[in-house]
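Peer 1: In order, the protein sequences belong to chains S and X. Each residue of the first sequence is one higher than the one before, counting from 1 in the working numbering. Each residue of the second sequence is one higher than the one before, counting from 1001 in the working numbering.
Hints are computed from structural coordinates only; laboratory data are not their basis. Hints are not guaranteed to be accurate.
If you want the ones that stay clear, here's a sample from chain X, every Cβ over 10 angstroms from chain S, calculated [unchecked claim]:
no., residue
1, 1003
2, 1009
3, 1107
4, 1110
5, 1111
6, 1125
7, 1175
Quick list of the computed label-pair ranges, beta carbon to beta carbon [as the list claims (entries may be wrong)]:
no., chain 1, residue 1, chain 2, residue 2, range
8, X, 1055, S, 51, 55 to 61 angstroms
9, S, 128, X, 1067, 49 to 55 angstroms
10, X, 1161, S, 128, 27 to 33 angstroms
11, X, 1199, S, 106, 25 to 31 angstroms
C-beta: ideal position from N, C-alpha, C; glycine also.
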Amino acid sequence: MEKELKVSAIKDGTVIDRIPAENLFKVISILGLEHISNQITFGTNLESHKLGRKSIIKVSDKFFEGDEINKIALVAPQAKLNIIRNYEVVEKHTVDVPDEIVGYVKCMNPKCVTNHQPITTRFRVISKSPLAFRCHFCEKTTNENQMVII
Amino acid sequence: MIKNKSLVSITDFSKDEILRILELAADFEKNPHQPLLQGHIIASLFFEPSTRTRLSFETAMNRLGARVIGFSDVNATSTTKGETLKDTIKMVSNYADLIVMRHPLEGAARYASEQSRVPVVNAGDGANQHPSQTLLDMYSMMKTQGHLDHLKIAMVGDMKYGRTVHSLIQAMADFEPTFYFVSPDELKMPDEYKQFLDQRGIKYEEHKDMNAVLNEADILYMTRVQKERFADLMEYERVKNIYVLHNEMLANTKPNLKILHPLPRVNEISEDVDANPKAYYFQQAENGMYTRMAIIAAIMGVK
């Protein structure tokens, strides 16, 4: 029996599945989806065996390139990507926490120079699970529950 | 190779590079009159007030024969007009051959070193790093103990926020020391440094009472317990007099023990200790000048 789709299918584009429900808007923000004009549909608080409650985003006519999509691994480490062409899944990807995080996370140290001067933040990931990363500038560690997406 | 290298964090220098600096410091102490940098200009940028560190660095620059430009009061600079750190550094690095800087924001020196055309020496960036202090501490240990290996180092006071103790732990890790950390619960050594020591297989003990470790130590490194670090002022009042060193406490300490303190001292070392030959904090400050001559000369490539 075919499963009923909670979010309608797209013809061409990318489906991002297995996003923790509470992090849907962070994913949207990290990928800058609020600034593009593509058709986007999403569903949230959907039932998931793995996550409890998950979100899903479907972006028409958008194909993410290179490391761009790995950025979301910080808030959706189990995310699954399906590349859709003519209603068919033609490729599947998972995401991987990058070794370096540049420009989209704030340093948790209020005295860090990046919080006072126009400087692009930069961190080296020191632990992928639980997530922890060290600021290239002030050398302080920010961990998962202190993480603020810029 | 130290030549042209910035010194932002103590971890920027390898064990061999650190030993090279200490060797040069001894050389400058023997003969402080070495005007090797005549015709060179060094910028001394103090975005935050400092007496000891600035005077020590500027004396070192002058002893080496360099001309010094810069400021010690940020209110007299374009920073007050809103000039960014990047612009100030870009401009100064067009004028000077080396930049020595202190800044209240953490990470400012690393950022400056990436914007500058000339090497940057960090003279303190907030609570983060102060590598010349670490090197002068190590020079003081080397000079008084004859070596750096297997020393028993007791650190007393603020283990949580004290940047000097954190940098010293990192740098001394190459010399297989034993550490004794003595502090109130509020100011215990953070886990990330204890994990670092565990990974390196370095022995350490944590204590609340400094009498428990005084007689074991080769080096007693005192730091200040600052009132502003306590959320609970009652707690501060309770502990403030516990971490004070008095002369009679030194009665049964090792003959080679030396007492270090990054200064300024407030009341954590009683004045009756000053006359004890084991007190070494004032010589330690003097060692700072030779160490800074060594750092500057090595980076400028004249030694």
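Peer 1: So is residue 1107 of chain X really clear of chain S, every C-beta pair being over 10 angstroms apart?
Peer 2: Residue 1107 of chain X is in fact no farther than 10 angstroms from some Cβ atom of chain S, at 3 angstroms.
Peer 1: Since residue 1175 of chain X was said not to touch the interface, does its Cβ keep a gap of more than 10 angstroms from each Cβ of chain S?
Peer 2: holds, 22 angstroms
Peer 1: Is the Cβ of residue 1110 of chain X farther than 10 angstroms from every Cβ of chain S?
Peer 2: Violated, because the least Cβ-Cβ distance between residue 1110 of chain X and chain S comes to about 5 angstroms, which does not exceed 10 angstroms.
Peer 1: That 27 to 33 angstroms hint for residue 1161 of chain X and residue 128 of chain S (C-beta), does it hold up?
Peer 2: holds, 29 angstroms
Peer 1: Just double-check residue 1125 of chain X for me: nearest Cβ-Cβ distance to chain S has to come out over 10 angstroms.
Peer 2: Violated: least Cβ distance 8 angstroms, not greater than 10 angstroms.
Peer 1: Should the hint that residue 128 of chain S and residue 1067 of chain X are 49 to 55 angstroms apart at their CB atoms be regarded as holding?
Peer 2: holds, 50 angstroms
Peer 1: Residue 1003 of chain X clear of chain S by more than 10 angstroms, beta carbon to beta carbon?
Peer 2: Consistent with the label, residue 1003 of chain X stays out of reach of chain S, its closest Cβ about 24 angstroms off (over 10 angstroms).
Peer 1: Should the label of residue 1009 of chain X as a non-interface residue stand, given a Cβ cut-off of 10 angstroms to chain S?
Peer 2: violated, 7 angstroms
Peer 1: Against the range 25 to 31 angstroms, how does the distance between the Cβ atoms of residue 1199 of chain X and residue 106 of chain S compare: consistent or not?
Peer 2: holds, 28 angstroms
Peer 1: In this structure, is the beta-carbon distance linking residue 1055 of chain X and residue 51 of chain S contained in 55 to 61 angstroms?
Peer 2: At roughly 60 angstroms between Cβ atoms, residue 51 of chain S and residue 1055 of chain X fall inside 55 to 61 angstroms, so the hint holds.
Peer 1: Compute the least Cβ-Cβ separation between residue 1111 of chain X and chain S, then decide whether it is above 10 angstroms.
Peer 2: At roughly 5 angstroms from the nearest Cβ of chain S, residue 1111 of chain X sits no farther out than 10 angstroms, so the non-interface label is violated.
Checked against the numbered hints listed earlier, the structure breaks hints 2, 3, 4, 5 and 6; every other hint is satisfied.
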